[in-house]
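Participant: The lines below spell out each chain.
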Amino acid sequence: MPSRALRLGLVVVLAGAMVLPFVVTNFRLFQCAQVFIYAIALLGLNILIGYNGQFSLGHSAFYALGAYTTAIMIDQWSVPYGWTIPVAGLLCLIAGFLFGIPALRLEGLYLALATFALALAVPQILKYFEHWTGGSQGIVLSKPAAPKGVPLNPDQWLYFLTLFVLLVLLVLARNLLAGRTGRAIVAIRDNPIAAQAMGVNTALYKSLTFGVSAAYTGIAGALSALVIAFVAPDAFDVFLSITFLSGIVIGGLASISGAIFGALFIQFVPNWAQDISKAAPWAIYGVFLIGFMYVMPRGIAGAVRLGAARWWRRRAEPS
Amino acid sequence: MTPSSEPILAVRDLTIRFGGIVALDSVGFDVADGQIVALIGPNGAGKTTLFNCLSRLYTPDRGDVLFAGRSILGLGPHRIAELGVGRTFQNLALFPTLTVLQNVMIGLHSKTRSDFLSNALRLPWVGREERAIRAEAMELLDFLDLETVAGHPAAGLPFGTLKRVELGRALAGHPRLLLVDEPAGGLNHEEVATLGKLIKTIRDSRRVTILLVEHHMGLVMPISDKVVVLDFGRKIAEGTPAEVQRNPDVIRAYLGIDEGMTR
Ligand SMILES: Nc1ncnc2c1ncn2[C@@H]1O[C@H](COP(=O)(O)OP(=O)(O)OP(=O)(O)O)[C@@H](O)[C@H]1O
Ligand SMILES: [Mg+2]
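Protein chains in written order, with my numbering: chain F, 1 to 319; chain B, 1 to 263.
Worth flagging that the hints you see were computed from the coordinates, not collected in a lab.
Partial list, computed: chain B residues near chain F (C-beta under 7 Å): (1) Gly107; (2) Ser114; (3) Arg122.
Coverage of chain F stretches by chain B, computed from C-beta distances (three or more under 8 Å per stretch; other residues unrestricted): (4) 166-176; (5) 180-187; (6) 195-208.
C-beta: ideal position from N, C-alpha, C; glycine also.
Work out the full structure, taking the sequences as your base and the hints as a guide.
Facilitator: Okay, structure coming up:
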């Protein structure tokens with residue numbers, strides 16, 4: 001039974017993730033937390049682009065909004081960091097929903113341009129409100145320590161915290177996409193007119209999907225503020241949006257596991273490129289990007305699915 | 001079948017223009033509850049345009065559409081299914097990446113109510129609703145002989161099969177009125193006969209009133225209670241199949257077209 005194999009694989013991966021913090025260096029744990037955070041952001045973007053067919057080059061803006069919400073709440077009002085995460089999510093949900101309403105009038109490339117404008121504007125807006133955001137200097141935070149009585153160092157603690165949030169959001173996304181709402185979200189992508197004829201309120205669903213997508217990305221941003229313990233406007237430029245976009249395409253559009261594969265790619269491949277050539281890392285990265293798309297046109301998730309199906313068939317065949 | 005006092009659908013003075021062409025010109029007729037009414041006419045007569053007005057994809061320039069006595073022109077297109085009006089599309093409008101089963105399950109959207117929050121949290125009643133949606137969709141696939149393709153993506157199946165999937169998707173919404181646009185497209189002679197029986201069964205056993213657009217007279221004439229004929233956007237005849245087939249205007253409109261009016 002492939003589903004049993006899948007479940008077994010999941011248990012093994014999860015067990016590995018539980019042991020990992022006690023066998024690798026703190027720097028590696030920091031990188032893993034970064035992967036979990038990217039996976040959350042990519043999940044959000046994939047719900048919008050992969051499942052709903054709405055385009056966004058503006059998700060760096062929601063990532064920034066989430067990160068600054070956390071940073072400002074801690075810096076200005078000393079709010080316990082745990083509370084800032086849901087607040088960042090809620091704020092981005094509302095911001096995404098509101099942005100989604102005018103976006104209804106824009107399709108395809110026009111929506112890409114509008115969201116691109118958002119991504120361009122945000123770093124400058126952040127610099128402008130210097131009193132709150134610290135201007136170009138940004139805001140320095142201190143890395144949150146584990147709660148009293150929990151024998152973990154800050155890197156281990158943040159590893160588990162980000163992993164926990166990722167798992168919760170993965171389950172929520174899977175539930176959402178597997179049900180009536182998910183079918184409507186995909187139906188809008190496949191054929192908006194037919195979706196309407198089936199009774200789907202496409203305008204409402206598209207704005208809400210935009211909100212949910214922004215909320216995921218905002219929560220990722222909030223976690224990144226905690227893990228990096230620093231926010232600055234130039235980290236959230238349009239290049240980050242494009243990184244997210246390449247992450248979901250490489251990972252696999254309209255695939256939940258694709259978010260994790262994509263996150264691994266955008267976290268580690270630039271480093272490898274750097275190792276291969278100090279002089280031209282982006283050229284190497286570009287080669288990787290093109291190579292992946294060429295070999296795995298349906299993303300890593302698609303290739304894994306195909307490979308697993310083939311392996312299973314070969315095993316099932318009597319030799 | 002005797003028409004009841006109030007028609008389930010009343011089309012009044014419906015007019016719509018696209019640039020220079022008048023696609024519908026003061027068209028009016030009634031559909032009585034429980035009838036099969038055929039809407040026929042040469043290519044470009046305005047049949048699909050009329051369907052698009054009924055499902056609110058087009059807004060007419062003049063006239064009104066009453067469903068169960070109430071005007072629907074103030075409603076958005078996504079409100080029509082929940083009223084009880086289902087439809088199929090002439091050139092197919094399925095969800096190609098979704099399976100046949102999922103396509104039919106979306107047909108139940110207007111009859112179910114789980115939303116973003118309850119779906120994400122998978123509340124207990126959502127599980128029950130989802131099982132009910134699946135069971136009902138499976139039952140429809142059974143009814144339409146589609147069980148063998150239930151797990152197949154809609155893309156890549158034969159046209160005739162997909163037409164049946166659209167029928168299933170429309171029926172899933174429990175329509176009181178079903179608008180069917182050229183269901184016989186892509187079918188051979190034998191299959192058309194089966195389709196005729198199927199349409200009658202849908203009307204009789206599922207109590208669905210049917211407005212049928214079709215060029216295939218061999219399908220239309222034996223099963224229709226009433227036939228409405230459009231030509232260049234105008235209604236040129238209305239009556240029983242026998243009356244319409246004798247009507248000189250209708251014969252003239254169809255002259256030069258391969259398909260004969262009598263069969
Ligand atoms: N959206 C539109 N824009 C412009 N013209 C349109 C539009 N929809 C329909 N028409 C025109 O209205 C007229 C009626 O078209 P319609 O599709 O309703 O015909 P039909 O009776 O369904 O024909 P067929 O039997 O070929 O399907 C045609 O001249 C068509 O070109
Ligand atoms: Mg037509």
